[in-house]
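S.K.: Here is what each chain is made of, one letter per residue.
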Amino acid sequence: MSAALPIPLIQLLQVLTVAVGAPGVTGVIAKVEARLQGRRGPRVLQPYYDLGKLFRKEALAPEGASWFFLAAPVIAVTAYLTIPLLIPVLTSYPLPLGYMGDILGGGFLLSLASFVVATAALETGDPYAQLGSSRAKTFSAITEPVVLFVVFTVALLTGTDLPYALAATVRSSAGQIVRPAHLLASAALFMVILAETGRIPVETHTGTNEFGMIEEARSFEHSGPYLALLRWGSELKQLILFTILADVFLAPWGLASTQRLGAVLLAIAALLAKACAVGCVVAIVDNSFAKLRLFKITEFVSGAFLLAVLGVFTLYLGGG
Amino acid sequence: MDPVQAAPGVYEGVANVIAAVMLVIEFGMLRQALARDQIRLYVAQSALISVLAIVIAADRNLPDLYALAALSAALKVVAVPLVMRRLLGRSVPDDGDEAPGVSGSQTLSPATAVLAGIVLAAIGFFCFGALKIHGPAAPALALALAAAMMLVAFGLMIVRRDVASQAIGFFSLENSISLAALVVAAGLPLILETAFLFDLLVAVVVFGMLIRVQHGRSESLSTSDLTRLRG
Chain A
1 MSAALPIPLI
11 QLLQVLTVAV
21 GAPGVTGVIA
31 KVEARLQGRR
41 GPRVLQPYYD
51 LGKLFRKEAL
61 APEGASWFFL
71 AAPVIAVTAY
81 LTIPLLIPVL
91 TSYPLPLGYM
101 GDILGGGFLL
111 SLASFVVATA
121 ALETGDPYAQ
131 LGSSRAKTFS
141 AITEPVVLFV
151 VFTVALLTGT
161 DLPYALAATV
171 RSSAGQIVRP
181 AHLLASAALF
191 MVILAETGRI
201 PVETHTGTNE
211 FGMIEEARSF
221 EHSGPYLALL
231 RWGSELKQLI
241 LFTILADVFL
251 APWGLASTQR
261 LGAVLLAIAA
271 LLAKACAVGC
281 VVAIVDNSFA
291 KLRLFKITEF
301 VSGAFLLAVL
311 GVFTLYLGGG
Chain B
1 MDPVQAAPGV
11 YEGVANVIAA
21 VMLVIEFGML
31 RQALARDQIR
41 LYVAQSALIS
51 VLAIVIAADR
61 NLPDLYALAA
71 LSAALKVVAV
81 PLVMRRLLGR
91 SVPDDGDEAP
101 GVSGSQTLSP
111 ATAVLAGIVL
121 AAIGFFCFGA
131 LKIHGPAAPA
141 LALALAAAMM
151 LVAFGLMIVR
161 RDVASQAIGF
171 FSLENSISLA
181 ALVVAAGLPL
191 ILETAFLFDL
201 LVAVVVFGML
211 IRVQHGRSES
221 LSTSDLTRLR
231 G
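First to last, the protein sequences are chains A and B.
Note that the numbering used here gives residue 23 to position 23 of the first sequence, counting from 1, and the numbers run on in steps of one.
Note that the numbering used here gives residue 166 to position 166 of the second sequence, counting from 1, and the numbers run on in steps of one.
Bound conformation, chain A alone (with noise of 0.2 Å):
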């Protein structure tokens, strides 16, 4: 049959895989939207088009600016790119690399990348990028209790936080699926992600008028090939939430247990298909609900956070 692939060679892949799948994943999302609003949309591959147009095109800085604002896109995508070494993204086994940090390393590095994009919108002096750094630290501030408890739950289910562990959990039984906590802690994590990705409804992706924007805003002043890490940043930050919703907590299968080629490459096929299918999820929650005014979001959250808490809850009491 296929060559057994080495072990650094499947963490390579499982970084790559993100690289490269992102865009693609946000193609098919707008794809899918468009069609839902009865449009042809843009073209599957439109978003690899807009990077590539935008890495070939000068960068420019706003007076003043000091280097960390052309460091900072740098910085978020590295960032980004590490935590395919954490999550389980290929394979069900844990690679050599995969200890080096639990869940709430990974929440350390999605948090560290969207610190340094918000310094950087600060350093421009343009009110609108300033207003979206500060909106998008006021709201992960109140999304972060959330995601504290879908770890406790994690952590009360397994006796880790460590992804891998999650997984392993959910796959071994039925009883483990429809558990009320886990059921609970996934749809938290679901809202949690919603509101992470800018997506409605939080803030509507598509749209350029400033005074709703919560994210989209910080990239204003970036131009060129920064402005392509920063797109390429967000897609992959997407991608990096759906893979941990679905190969951590909704559908842990389908990865590759050997390390053998024709497993790797379904893994691969598998992971970009659970990617497009919790995308069509969010197309379809983009197109059924209206977006929330700001002072709404806090409701939102609210929702989401007595949802992980109800899970805590019930593990608490045994059996849940």
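No lab work stands behind these hints, which were simulated from the structure alone.
Cβ coordinates follow ideal geometry from the N, Cα and C atoms, glycine included.
Warning: the hint list may mix true and false statements.
[Claimed, not checked] Pulled a few chain A residues facing chain B out of the computed Cβ check, cut under 8 Å:
#1 Ser302
#2 Leu307
#3 Val312
#4 Phe313
We have chain A; now place chain B onto it with these hints.
M.R.: Chain B alone, transformed into the frame defined by chain A:
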């Protein structure tokens, strides 16, 4: 406590998930502004309790519960919402789609109400969890969820200042008691269960009277008009 917990099995899991979704729906009622949407949520919650009765009946081989599920669905999914909609429809003056005094009757902001509800749910949860009652049919967790639902329903009746929401809160309180009854005593004689259901009918009639009297007096369903004593 040992952090690693064994999964309780598919049947318990499904029963617990249904109970948990009912609790989440109760929270939905707590923050829902319109009486129309609250009735919809009530229908969903009542449908779930029938589903739970069917699940228990199928797994524990209690054919009585099928009859109970059908009866409860007929009453709570069809009859009570119909009566409520008609009552509220009559109190709407002309072409308005919402009875006066219902929307904006929250005394707390939705996020605060949810946080208060979480505290109430926690009290119900841990008090009943500490009792360690194990019914023969469903797991103890579902009972604790029912207790949490009961307290949240009380909370709903307290934080809303209109008769319609309070009626819905009361009916969902009855749902949570049905849930607790299913969990603790699934083998209860059908006649007793039916008697409980007919108690609900009495409550519907009483609340119907209340809504009509209140609306006839003050042209509004808000109870804030009731704070002043009249000679």
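S.K.: Give me the numbers of the hints this structure contradicts, sorted from smallest to largest.
M.R.: 3
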